[in-house]
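Trainee: Starting from the known structure of chain R, fit chain P onto it as the hints suggest.
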Amino acid sequence: MLKQIIQNEWRIAWRERQLSVLWLLIAALLLFATLSGWQNFQRIQHERQEAADLMRKKWEGQGAQNPHSSAHYGTYVFKPSSILYFLDPGIDKFSGVSLRLEGHVQHGLAFAPAAEQSSLSRFGDLNTGLILQVLVPLLLLFLAFNSVQRERSSGSMRLLLAQGISIRTLLWGKILANWSVSLVLLLLVVLLGLGLSFSQGQLTQNPDVWTRFGGLLLLYAVYYLIIGMLGIQLAAAVRQPAFGLLLLLGVWVSSSIVLPKMASTWAEQRHPLLGIMQFNQQMREEREKGLNGHDPEDERSKRFEQKILAKYQVEKLSALPINYDGLLMQEDEYYGNAVWDKHFGKHYQNLQKQSQQLALTSFVNPFQALRNLSLACANTDLYQFLHFQKAAEMYRRDLIRGLNEKMAYGGSKTGDWEWKVSQKWLAERPDFNYVPPAMGWSLQQRKTEIIALASWLLLLCATLFLPWWKAARLI
Amino acid sequence: MILAQDLSKNYGEHLALQKLNLDIAPGEIFCLLGQNGAGKTTTINCFLGFTSPSSGRAMINGIDVAQDPQASKQHLAYLPEVVMLYPNLSGLENLDYFSRLAGFRYSKSELQDLLVHAGLPQESMSRYVDTYSKGMRQKVGIAIAMAKQAKALFLDEPTSGLDPKASNDFSVLLKKLAQDGVAILMATHDIFRAKDVASRVGIMREGQLVATHAATEFSATELEKIYLETV
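These protein sequences, in sequence, are chains R and P. Be aware that the first sequence starts at 1, since it is given in this note's numbering, and climbs by one per residue. Be aware that the second sequence starts at 1, since it is given in this note's numbering, and climbs by one per residue.
Check the hints yourself; a few may be wrong.
DSSO-like, lysine-lysine: derived pairs with alpha carbons at most 30 Å apart [claimed, not checked]:
| no. | chain 1 | residue 1 | chain 2 | residue 2 |
| --- | --- | --- | --- | --- |
| 1 | R | Lys3 | P | Lys108 |
| 2 | R | Lys3 | P | Lys151 |
| 3 | R | Lys390 | R | Lys261 |
| 4 | P | Lys134 | P | Lys108 |
| 5 | R | Lys311 | R | Lys420 |
| 6 | P | Lys195 | P | Lys134 |
| 7 | R | Lys353 | R | Lys342 |
| 8 | R | Lys93 | R | Lys311 |
| 9 | P | Lys134 | R | Lys470 |
| 10 | R | Lys470 | P | Lys19 |
| 11 | P | Lys151 | R | Lys470 |
No wet-lab data here; the hints were simulated from the structure.
Next comes chain R alone, as it looks inside the complex:
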């Protein structure tokens, strides 16, 4: 019986021109967005790889150098783009993609494309994720409204019920029929995405990509079921067609535009972030005055000098068998790292609190859960960005420590700034090799969203079984 209803829904919806045209339009948009997203992804990947190669080549070809000059010469690293970037590009545009690494100082990420565009760009480009998150649910709500309104206006409900079907079966049939219509669109995207990734050999290189595609498929399928159930139940509950349509459109606008905006403003106000200038200034001050504010840099240096002199049992720095400058700089580096850890830690915590707060709003607005989880599956979210930033900082520390230690123990004496290490030694410093986090890690940050989506699914299943649903609601 369910099968008959589903088939009939498909047939009728297909014959209702406005619905089939809307479906085709969205399918065409999805194809276009996915293909152009893929081109974009390839260009970006190529550009960043090229830039990274160039930087490495420059590093390797810098010639014989004083290690400290080399630390100042520094290098750049580039955030590699996740392969699912082409489905949901995430925050790259706002967060920046390249990071300058050098001694003494931690830089922030630079070259955020959004910085060079007008504020209009905040509304987002047409990308596959946006269509899947915003337009497909709109189609689902239209389908829901039409399939319920059709029974009311054709007066077929009495005849249907007399044929012996229950209103619950009818509603389920409609939900499943509409859901399957949206699933076709989803499968279209996933299969195209898999094909494109496969053509580039990404699937065989990186099994995590499979998991991520699977995660996206499951996530959107669940969300569409939620929207399908919500749409049908709302449309069936409201008897006035004009009010029903208004209600569904209201749900759509508020869930995909108004509520997320309100939620993020709220999260920003509750857990404000420091501006980059303030952040850097605080770090500079603490580095100079000490983490507790009472341990200025020159006193720390004096103590360190005494410690080293005592260790080597000499009176003067010039009598040391090693290069004291290298040791002092590394000591300062350690101190700077601790300062960064503290401030970045605070920053991270604030971001995490904001993120948690946003996650909680998923219980009110499932769209929020969808958006966060979609970014997490695509590996283009904030957590992945911070993961990269940390990894780059760890690489910077290793690189600079290597240079400072070479300076200290490599055979030069204190004050000998002309001493050089070979190009070969510098070229042997390991390259930055960033391994993005796996799917499991991404999802661990999003437990709240997962629970929220599951709750929505259960709630809407439960409401469908309420005795409140009587045949009379559709007559």
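Mentor: Here is chain P on its own, set in the frame of chain R:
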């Protein structure tokens, strides 16, 4: 087959149906006459399970409709006053869909036979229903009711809006169904049609069945006179 025992329905103070007793045997056609609001449609709604009675029982083939609405529907077919179908399905597709929902699968030629039997011209079967006249939709409705092979048939003003020829064809069809053992309850305004097909005629007023007569007792004109005196 169709049985009402003290069937009552009130909406607040308003008594839509008062202690209706009715027993329609297989092969019998019972016509309910009465003005609008006399309780004819409420009676049918109670049998279809669309309205739950305030007291009393509506039974079909021994099954209490209020207690087991799904089971009772296996034995009944229904033809509403205005048969509204899916406008962008053809007559054939509508019949096919409604039959499948009732658990019947017919081949295309069987479906066509049903429609021909109900009087729908062959050439219009594959057209979308939104091009149909009211009478044509009514015929698809009759085919849907017949396709269900039900033992109890409920008709709510089935001939209103039909031309005399179609109306007459309809009467012939009903009589044939009754001969096959179907119990038929028909609400109507059409006294002449009622006299023509009915075994018994009941007259309703303000929710009460005030008179029941065998149709053979009177001529149509006498029946009209009785009707006018009763309501």
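Trainee: Please go over all the hints and tell whether each is borne out by the structure.
Mentor: Evaluation of the provided hints:
no., hint, result
1, R:Lys3 / P:Lys108, "holds, 19 Å"
2, R:Lys3 / P:Lys151, "holds, 27 Å"
3, R:Lys390 / R:Lys261, "holds, 28 Å"
4, P:Lys134 / P:Lys108, "holds, 24 Å"
5, R:Lys311 / R:Lys420, "holds, 26 Å"
6, P:Lys195 / P:Lys134, "holds, 24 Å"
7, R:Lys353 / R:Lys342, "holds, 16 Å"
8, R:Lys93 / R:Lys311, "violated, 51 Å"
9, P:Lys134 / R:Lys470, "holds, 29 Å"
10, R:Lys470 / P:Lys19, "holds, 25 Å"
11, P:Lys151 / R:Lys470, "holds, 26 Å"
Hint check: a violation occurs at hint 8 only; the rest are consistent with the structure.
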